[in-house]
Structure formats: structure tokens, C-alpha cells
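K.L.:
Those protein sequences? They're chains A and B, same order as listed. Quick note on numbering: the first sequence equals residues 1 to 142 in the numbering used here. Quick note on numbering: the second sequence equals residues 1 to 541 in the numbering used here.
Read the hints as simulated data drawn from the structure, not as lab findings. All of these numbers come straight from a predicted model, not from anything done at the bench. Be careful, since some hints might not be right.
[Said to hold, decoys possible] Derived lysine to aspartate or glutamate pairs resembling DMTMM-like cross-links, with alpha carbons at most 25 Å apart: (1) 141(A) / 132(B); (2) 50(B) / 117(A); (3) 141(A) / 348(B); (4) 450(B) / 174(B); (5) 72(B) / 85(A); (6) 141(A) / 481(B); (7) 536(B) / 498(B); (8) 296(B) / 247(B); (9) 450(B) / 348(B); (10) 72(B) / 79(A); (11) 539(B) / 489(B); (12) 141(A) / 121(B).
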Amino acid sequence: MTLDIDTGLLAAALDRIIPPVDDLPGAGAMGLAEEVIARSRADFRFSDALDTVVNALPSPNAFTALDGEGQDGAIRALESSHPDDFNLWLDVVYTIYYMQPAVHRRMNWHGRSPQPEGNVMPPWDESVLGVTRQREPFWRKA
Amino acid sequence: MTSPIHNPDRTADVLIVGAGASGAAVAASLSEAGFDVVCIEQGHWQDSFKYPTIEPDYELRAMSSWSINPNKRRLPEDYPVNVDDSAIEPVMFNGVGGSTILWAAHTPRLHPSDFRVKTLDGVAEDWPISYEDLEPWYDLNDQVMGCAGIAGDPANPPRSERPMPPIPIGRDGEMLAGAFDRLGWHWWPSDNYVNSTRYGEGRDACNFCGHNMMGCYQRAKSSTDLNYWPRAIDQGTELVTGARVREITTDLAGSATGVSYLDPGGNDRHRAARAVVVAANGIGTPRLLLLSNSEKHPNGLANSSGLVGKNLMFHVYAGVTGIFPDNEDRWVGPAANMILSQEFYETDPGRGFVRGYSYQTGRGQGPGATARGGSRRVPWGADHHVQMQRRFGNTVSLGIIGDDLPEEHNSVTLDEYLTDGSGLPAPKITYRVSDNSRAILDHALVQGQKVLEEAGASEIMINPHSREAGWHLMGTARMGDDPERSVVDRNGQSHDIDNLFIVDGSVFVTGGAVNPTPTIQAIALRTADYITRERKDLKTR
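Taking the hints into account, I'd like the entire structure generated from these sequences.
P.N.:
Dropping the structure here:
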């Protein structure tokens with residue numbers, strides 16, 4: 001049974017996890033709560049972790065009534081009481097956040113998927129072996 | 001790719017369980033020698049154009065449906081593994097190509113000393129074969145799989161030229177190489193089964209995407225679905241996919257007669273064969289042997305020694321990661337295939353442990369993986385963005401792969417309660433890191449920090465133990481000359497059943513401190529050669 005997640009509560013928590021930076025809002029204000037819920041529901045491990053985290057937070061009204069320091073304290077308490085679920089949830093949140101094109105632009109990163117374009121490297125240069133090649137064989141005879 | 005039509009009611013010459021690194025090599029070798037071969041594989045063919053690296057959510061998929069960990073991936077073809085009593089979690093892939101689909105394709109060889117650890121160091125057991133016995137098969141496998149590398153490594157015996165030059169080591173590789181040089185320590189470009197040039201049919205050169213452990217869109221990274229399997233099928237091998245073997249069947253005399261398996265529809269089937277070759281990896285193989293118990297074989301098949309499932313080895317892993325804050329895009333190039341150092345590979349009594357370790361080198365990953373951080377996440381909260389900026393694109397790692405000597409209490413057994421999707425008992429892993437292994441890792445962590453400091457790291461992060469690092473599944477049906485101390489002989493043939501062979505990492509006696517796949521495949525080719533030369537009685541056409 002999955003919880004009916006309060007997106008307002010989740011968004012408030014996400015804003016404390018990944019706060020605003022430069023011209024980017026926090027992860028919650030960016031509207032990632034719904035994406036976190038949807039993608040979590042596609043994997044039972046993510047889903048269970050999300051439910052555990054949301055269950056362990058104070059009620060929506062109580063959480064949003066806290067100031068920033070109080071909200072961080074509530075999240076730290078949750079991190080301490082449910083470390084495995086919290087860390088998995090955090091990994092999911094991080095990964096989804098760093099899938100966002102706006103985040104890539106702010107990081108000045110191309111944001112492409114690894115393929116099909118790949119990357120360019122300088123060609124193999126055998127001269128780098130100059131020192132290590134001078135070494136006498138030292139493998140152990142058997 | 002589909003197999004030609006075969007009669008499923010025939011008795012094949014040889015039936016292979018598992019279509020991964022070793023099963024593919026045996027299938028190609030035996031079918032080219034004229035044997036009638038059938039292979040049963042629980043997974044499926046992969047389409048390289050659908051690997052997740054083409055998708056924007058590739059980093060999330062790597063945590064889920066493309067995880068290296070079957071307990072996280074949980075595809076229908078996977079089986080769960082109980083790891084409650086294990087310090088290391090096994091990782092693998094089930095499909096045509098097996099774990100070569102998701103591997104790094106870093107392919108060093110065992111050293112001659114790895115085959116003689118009891119003689120040289122007084123620990124574990126010697127192998128019944130030597131490096132020299134395997135050398136021609138290593139060479140053949142390098143040609144088929146496609147090895148990029150360069151001869152002249154002073155830490156290893158001289159060997160033949162690789163078919164391709166090395167993969168470029170990049171600026172990060174040169175930075176580490178310089179540090180090793182200044183310390184006077186060994187390093188050499190990694191041998192890789194990754195194309196540095198076009199090599200093999202339909203296989204391009206690496207385009208340095210950096211995520212070769214998620215399947216290779218370019219087909220530059222070698223996997224047996226791209227080389228051995230097309231050859232095997234061309235020569236008539238029948239490959240049945242989506243079929244889970246539940247038992248090796250035997251006759252009243254105790255000889256193998258084939259396998260019972262569940263077809264993709266869940267129907268119970270039997271395939272008859274004159275010989276069975278098990279290539280299901282160091283966990284799947286002992287599991288299947290234990291599942292195949294009978295009145296004649298009450299403790300499981302091929303288990304008169306009691307050693308089936310015992311002596312599980314993984315290799316112990318740890319790592320040090322340096323931050324080099326000059327923004328040089330350190331994710332460019334294959335993930336873990338730059339250079340290796342074997343300065344501390346061989347035993348030195350002054351170090352306080354026997355055997356040793358290799359350093360492998362690793363690049364940074366995408367932003368999601370960087371934030372997740374492996375052993376050390378980027379912190380959440382107010383400091384998140386500052387810490388992320390420090391790390392992203394700026395990390396280079398030394399991975400430590402330590403020798404992991406066999407101990408009988410490290411084992412694979414059948415779980416009492418946990419089952420796979422077909423209702424078959426799942427394997428349970430019992431494994432603890434030995435004092436010797438811990439001493440190896442501790443030494444390597446200290447020396448590794450020296451390398452990163454010499455290379456100019458501004459900060460070093462230490463991972464003292466990698467839990468999700470059980471890539472190398474070895475030792476659980478080891479080879480030997482003494483039937484009371486081993487499961488198979490030097491040719492991979494069961495001591496108990498002369499038409500049952502094992503060719504995967506299960507047969508390793510010791511593990512060395514290198515990735516095992518070239519050795520697994522060399523052993524498989526050698527066993528296939530033995531069957532071809534000495535077991536003509538199995539051949540009907």
C-alpha cells in the first residue's frame with residue numbers, strides 16, 4: 001500500500017535538501033516533488049523509502065510552520081532514525097535534481113546523455129611510458 | 001539474433017548452462033569443433049541501441065532496472081541473493097553475454113605466483129595448472145574478445161602483442177602516472193576489452209562516453225553476445241533464452257543426462273545431453289549443483305568433497321578519491337580503464353600480510369552519481385552546492401582490488417525461505433572479510449593516499465570497504481588433483497561425474513588481485529579443448 005503523498009510537504013522538505021542557488025529555486029520550488037513521487041512509484045525500493053520518509057516527517061502543517069533551522073532539525077532526526085530509507089530517498093532526489101536541464105545550465109555542463117555523442121580524448125601517446133618502461137621485470141617466478 | 005531450428009527432443013552432445021563469459025566461449029569452441037551444442041540461459045539478448053546511456057535518466061536507471069545488483073534490479077530473469085550475513089554484496093547480470101554486458105572490461109591476467117600460493121606463501125592451495133598452461137588460451141581469448149593494450153609491462157611475464165593499441169589514458173591518467181613515476185612505483189596502461197580502434201564485426205572504437213559499465217551503445221566494449229555468440233550460432237549452437245534451469249538430471253549410474261528447466265511460459269521441460277557444462281557463475285553454479293540433489297547425490301551434484309559452495313571469494317575492494325579542483329572534465333574516457341599499478345601485488349613479508357593488491361584507476365561520473373558519492377555523499381542542505389561544485393568533474397580515484405584467499409566458512413548455500421520468481425530456493429551468501437584481507441586494504445589505503453597527494457589532490461576521501469563490489473564470484477567448486485579437496489579436476493571435469501564440467505569462476509583455487517574474466521574465459525577455452533581432444537565419445541556428428 002502506497003501513501004497518498006502531500007506534495008506541499010515533500011516540496012518543503014526538498015527545498016531544505018537542495019536549497020536555492022544563484023537564480024535557481026530550491027528543488028521543491030522547482031516543482032520536483034511530483035517527479036520524485038512518480039519516479040519513486042516505478043521502483044518498489046524507491047517507493048518504500050519515499051513512504052517511510054514522508055511518514056516520519058512531521059505533519060504538513062507542523063513542518064511548514066517550522067523555520068528553516070527547525071525543518072533541518074526534523075530532517076536530521078529522520079536521517080538518524082531511518083538511515084537506510086533516508087539515504088536511498090536522498091539518492092533518488094539528488095539523481096532527479098541533476099537530471100534537470102536548468103540545473104545543467106547553471107553548472108555550465110552540457111547535460112547530454114553519454115551516448116551517442118560521447119567525448120573526445122587526446123590520442124594514445126607512448127612517450128608517457130618513458131620512466132616506467134625502464135624498470136626491470138619484477139614479477140615473481142613460480 | 002535467433003537460433004536455427006533445432007529438434008528439442010534430440011539428445012545434444014553438450015548442454016551448457018549459462019550464456020555469459022565462459023558459456024559463450026565453450027559454445028563457440030565446441031560447435032566449431034563439430035559438437036552438437038545447446039545452451040540454456042535464463043536471461044535474454046540485449047539490444048545495444050537501447051542501453052540506458054542513450055536516455056536522459058540513465059543515472060536513475062543505474063539505480064533500478066539497470067543496477068549491477070540483482071537484488072535491486074529484480075528483473076524476472078534475476079534471482080534474489082540473501083546477503084544478510086555477507087560483508088560484500090554480489091553483483092552480476094543475467095542475459096546473453098552475462099556480466100560482460102555490465103562490466104568495465106578491465107582485463108589483466110593472473111600472475112604466475114597466483115597459481116602457487118601454497119608453495120610460495122604457505123597459504124590456501126596451489127592450482128593444479130600453471131600460468132603457462134593457460135597462456136595460449138589467454139592469448140586466443142584476447143584475440144576473440146579484442147584486447148587493447150601494450151606489451152612490456154615489467155610487473156607481468158612477457159606476452160604477445162595485443163590486437164589493438166591502448167585506450168588513451170587521458171590527462172587524468174597521465175597525472176596519476178606521473179605521480180607513480182615520481183614515487184618510483186609501477187604503473188602500466190590497463191589491458192582492456194574495449195576497442196581503441198574498430199575491431200570485430202559491427203564494433204566501433206570507444207567514443208569515451210565514460211559509462212561503459214552500463215552497456216556499450218558503440219559496441220566498443222566487448223561482451224560475448226558480440227563475438228563468441230555469433231560464432232557459436234553460426235556453427236549451429238542452439239541458444240534457448242528466458243529459460244531457467246532448475247536441476248541437472250542424472251541416471252541410475254549417477255551420470256548427467258541433461259537438465260530440467262522452466263521455459264519462458266513457466267512450463268517444466270527437459271533437455272537431454274551426453275554431457276553438461278555448467279557456466280552459471282560462482283554463485284549460480286553451486287546453487288544449481290546443490291539444487292540437483294537426489295538419492296544418488298544427497299548433498300548435491302559433484303559434491304562428494306563437501307566443497308560445493310565453499311571457499312567463496314569475491315576480491316575485497318576499497319578506494320581513495322582525490323579532488324583536483326581545476327575543472328578538467330574528469331569523466332571523459334572509459335570509467336575504470338586508465339592505468340593500473342601492481343607495485344604491491346606480490347608478497348612482501350615486511351608488510352604484515354600475504355599476497356597483495358592492484359590499484360585500478362577510476363574517473364568521475366555524471367552529476368547524479370557524483371552527488372550520491374559512493375561512500376561519501378555530497379551533504380544535503382546549505383553546504384550542498386559548494387561541495388557539489390568542488391567534486392563534480394574534479395575527482396579521480398584509485399580503486400584497490402585485494403587478494404581474497406579462500407576460507408571454507410565463506411560460502412554459498414540454499415536459503416531456507418527465500419525463493420526466486422520460479423519458486424526455486426535462492427542462494428544465501430555467508431562471507432566475512434579476513435584479517436589478511438583487511439591488512440591488505442589498510443596498507444593500500446595508506447599508499448594510495450601518497451599517490452593522490454603526489455598527484456596534487458587538494459582533498460582525499462577514503463572508502464575503507466566497498467560493499468556492493470562482489471563482481472568476481474570465485475572458488476565455490478574449485479579445481480584440484482585431490483578429489484577430497486576439490487570439486488573438478490584440472491580440466492574442469494567433475495571428480496564424481498565424468499560427463500559434468502564446470503567452467504566459470506567457481507573453479508578458481510585462489511583469486512589473485514585482478515579482474516578474473518580473462519582467466520575464466522581462458523579456463524573455459526582450455527576445458528573445451530580438452531573435451532574436443534579427449535571426449536570424442538560425446539560427439540555424434
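K.L.:
Taking the hints in turn, state whether each one holds.
P.N.:
Status of the hints after comparison with the structure:
no., hint, in the structure
1, 141(A) / 132(B), "holds, 11 Å"
2, 50(B) / 117(A), "holds, 15 Å"
3, 141(A) / 348(B), "holds, 14 Å"
4, 450(B) / 174(B), "holds, 16 Å"
5, 72(B) / 85(A), "holds, 14 Å"
6, 141(A) / 481(B), "holds, 22 Å"
7, 536(B) / 498(B), "holds, 13 Å"
8, 296(B) / 247(B), "holds, 14 Å"
9, 450(B) / 348(B), "holds, 19 Å"
10, 72(B) / 79(A), "holds, 22 Å"
11, 539(B) / 489(B), "holds, 21 Å"
12, 141(A) / 121(B), "holds, 13 Å"
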